[in-house]
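Asks: Knowing the structure of chain A, use the given hints to seat chain B on it.
There are 2 protein chains.
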Amino acid sequence: VNKVKELDGIFKAKSIAVVGASTNPEKTGHIIMKNIIDGGFKGQIYPINPKGSEILGWGCYSSLIDVPIDKIDLVIIVVPAKFVAGVLEDAAKKQATCAVIISGGFREAGNDDLEASVVETAKKYGIRFIGPNCQGVTYTPNNLCAAWPLMKAKGNMAIISQSGTVGAAFAGWAEEDNLGLSSFIGLGNKSDIDEIDLIKYFSLDNSTSVIGIYLEGVDDGQTFMEVSRNVVCKKPIVVIRPGRTKKGSIAAQSHTKSIAGDYKIFDAACKQVGILKADTVYELYDFSKTLSLCKVPKGSRCLIITSSGGSGILATDIAERNGVDILNLKEETKTALSDILPPYCIIGNPLDLTGDTNAERYYEVVKKLKNVDYIDILLLIFGDPIPNTADFAKRMKNEISHEIVACYIGGGDIQDKEVLNLHETGIPVFPTPERAMRAISALIKYKNFLQKYNLKLEVKK
Amino acid sequence: VNKVKELDGIFKAKSIAVVGASTNPEKTGHIIMKNIIDGGFKGQIYPINPKGSEILGWGCYSSLIDVPIDKIDLVIIVVPAKFVAGVLEDAAKKQATCAVIISGGFREAGNDDLEASVVETAKKYGIRFIGPNCQGVTYTPNNLCAAWPLMKAKGNMAIISQSGTVGAAFAGWAEEDNLGLSSFIGLGNKSDIDEIDLIKYFSLDNSTSVIGIYLEGVDDGQTFMEVSRNVVCKKPIVVIRPGRTKKGSIAAQSHTKSIAGDYKIFDAACKQVGILKADTVYELYDFSKTLSLCKVPKGSRCLIITSSGGSGILATDIAERNGVDILNLKEETKTALSDILPPYCIIGNPLDLTGDTNAERYYEVVKKLKNVDYIDILLLIFGDPIPNTADFAKRMKNEISHEIVACYIGGGDIQDKEVLNLHETGIPVFPTPERAMRAISALIKYKNFLQKYNLKLEVKK
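Protein chains in written order, with the numbering used here: chain A, 1 to 461; chain B, 1 to 461.
Rather than coming from a laboratory, the hints here were simulated on the basis of the structure. Some hints here could point you the wrong way.
[Stated by the list, open to error] Chain B regions said to be covered by chain A (calculated; three or more residues, Cβ under 8 Å):
(1) 156-168
(2) 244-255
(3) 320-333
(4) 370-376
(5) 379-391
[What the hints assert, rightly or not] Non-contacting residues of chain B with respect to chain A, defined by C-beta distances greater than 12 Å in every case (computed):
(6) K93
(7) E216
(8) D219
(9) I414
(10) R435
Model, not experiment: these values are computed from the prediction. In this text, a Cβ means the ideal position worked out from N, Cα and C, and glycines have one as well.
Only chain A is shown next, with the shape it has when bound in the complex (with noise of 0.2 Å):
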């Protein structure tokens, strides 16, 4: 717990140092002190560069060692790999206790010596360090985005990636989806700080619900395992592993000289300590995005509501590969239904409202359904523009306890608007039918984990 402590230096740092700050609007120095800004940063800033006097408004050091305070929380290194060293050797002197290195030009780049000689001298002073090599971090509950591209949405969301642009990627979607996130690591060369290290972070963080995980290597596969299997039990991890073919594996190893493992093996792992496996970038944002909304469902019975018939049929057959259970009506709730729909619908699962439905009609059925106990989770997809549907869905919110997740597809601008308003509401929202039902197929299995190990958890909300 005294090592998830140390980090506290970087998700709580009062004050910062950047390193190579720049006045060159192109130099990643530069890009970095305008996020931090930007990001809303509360604490003091202390942009260092040799040649600066100010960069965007705060006065610049030409050391560390000359910035008038004597312990500054964070610094964060973006000078050429050769002299960060010295950088940490002067950040000792500051009393930093973390620090991140953004600066690549080691051991990726066959400049182990370089790396090696970074890892001493931090270990030396006891600053534990993200990277080098790396993307930075964002954590938005402290207003703080050393890193790119911009992020400040707050949500519940960790992303840690050994791929910066997957990373980007993620929080890119989390910000047009208006929900945001709790914290961005690039996770770089990570020679000290691990995915391991994060995982016990954010698995206290408050801040964060689920974590989502992409890595090309394990170095420390038992205790990676050891520590998911303890934290799933609190919070849900969604993990990509890429290199799974023979070319793939090899590209891995050159990108971040992962060491290639046995994927058979991984995914039993996985499968035992009930992370969640995603098999794309979509899956890796859709399913953390699910079940950072959505609460655990008691039974993987699933009821679709729709009012395109063709989209229903498409997560009928994803759910049926994916042990979703398309369940069956009863007659009474049949019958229910059919006093209140009218004659063209289709009564069935799908439930096809059909194509001149309206949001109402969705939520007089939802209404109709609140007693009905053998329905676990229900899809809503909204089919062409259907105005309102987020008001109607906050009112099923607060009147049903079924968990709700939606597709809204074909519905031109009146669908973009809609789509953040029922992010608002909570309901995790997709632009596809598959889309939607691998999401749900991702909380069901998640929900088999927690009930195989009698585990009672709700997910945050």
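Replies: Frame of chain A; chain B shown alone:
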């Protein structure tokens, strides 16, 4: 061929009547009128409604009979089911040879009699029709949008769909991508014109270079396959057919009364006649888009050029599983590339230009590959915001003969802009490495089919 020519009454119509046009903006009869007008239709429009005097600026008539011309080319019908046969009688008096019956309430609602009487009346007067119970027809070469949503962006993909929503989603994505459509057809109950008629029509249509189809059931499987076999030699056909699982098939039967077929036989037949099968609605669109923009490559050998190592690995995994050959670079090529690249780039396949690359570096690399004859397809992955990719891609297209597909991911606002620019240069772009590589695999499947039968085809660009 005569039967094909008959459909010119729909696609080349110079005068249109909308029976059931409405002044109420919420009614389908209004939306259709508005979309015909907003779509830029250049011919005469005759709204028919006993109550109106003018609708959206066009003089309204009580019935088709009152329209003061002798011949109306196309009659769009939006009145309740029980009036449709009567409207067809009037249409015959106005020498109409084609109709689009948008109205529902026929076979799909249990009213088989009504549908039979419509079919009989149409046959009696030699009127060909689309529908009933459909989402209309769009044909952009004639600026005709008698459907919803409004589609006016001109492109060369035709989408034929038994699900209005899936068709609308396809059209929406094409519009967002700035690629547009040649045509959208909502098939509905297809009690006259069906997918076979339309495949024949579009095979001869110079504005269409690829045909996408969403199909729940095929009434005449043998003819469908025979016709498709002939057409795929001229232009590719992409099909999605849901209802593959037991419950999915039950849902398909409820939706459009489609007869569940044997999917194994259907899949085998598709493979044999060269129809490309899509597994998801994204793939239906992605495959169509790629085949509409790219030429058929000579071989299956792909080089991935990326700024994001992780995305390159993800793409490699998909390639290996889907028949795309991730080629090995020859030593001479490696040497040539190392001459122009910074030492930290990883010269392999994927070729990792690393995170600091700009668009010009991609161009310099591709220029070096100009005379490398063991590469058929380039996948360019742009990870994070990289400006001016389209400018350099345009130069690449002029200088090399390899096919180019792109992925743009994690690039924020710059990505949004560049994707549109890249589409303008004729390069298909996808938001994830997985979607991009699956699209390449479809291109290669099509090539394999053509090569197997020694067909030489270049898809029109």
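Asks: Regarding the assertion that R435 (chain B) does not contact chain A, is the least Cβ-Cβ distance greater than 12 Å?
Replies: At roughly 8 Å from the nearest Cβ of chain A, R435 (chain B) sits no farther out than 12 Å, so the non-interface label is violated.
Asks: How about the region 156-168 of chain B: do at least three of its residues have a C-beta closer than 8 Å to a C-beta of chain A?
Replies: holds (count 8)
Asks: Minimum Cβ separation between E216 (chain B) and chain A greater than 12 Å?
Replies: Per Cβ check, E216 (chain B) is inside 12 Å of chain A; nearest 7 Å; violated.
Asks: Is the listed coverage of the region 320-333 of chain B by chain A valid when you require three or more residues with a beta carbon under 8 Å from a beta carbon of that chain?
Replies: Check passed, 3 qualifying residues.
Asks: Would you say the region 370-376 of chain B counts as covered by chain A, given the rule of at least 3 residues with C-beta under 8 Å?
Replies: Violated: only 0 residues of the region 370-376 of chain B have a Cβ under 8 Å from chain A.
Asks: Please check whether the region 379-391 of chain B has three or more residues whose CB lies within less than 8 Å of a CB on chain A.
Replies: As far as the region 379-391 of chain B goes, the hint holds, because 3 residues have Cβ atoms under 8 Å from chain A.
Asks: Run the C-beta distances from K93 (chain B) to all of chain A and say if the shortest one exceeds 12 Å.
Replies: holds, 30 Å
Asks: Regarding the assertion that D219 (chain B) does not contact chain A, is the least Cβ-Cβ distance greater than 12 Å?
Replies: The claim holds: D219 (chain B) sits with its nearest Cβ about 17 Å from chain A, beyond 12 Å.
Asks: Can you confirm whether chain A covers the region 244-255 of chain B, using C-beta to C-beta distances below 8 Å and requiring at least three such residues?
Replies: holds (count 10)
Asks: In terms of Cβ atoms, is chain A entirely out of 12 Å range of I414 (chain B)?
Replies: violated, 10 Å
Violated hints, in rising order: 4, 7, 9 and 10; the structure is consistent with all others.
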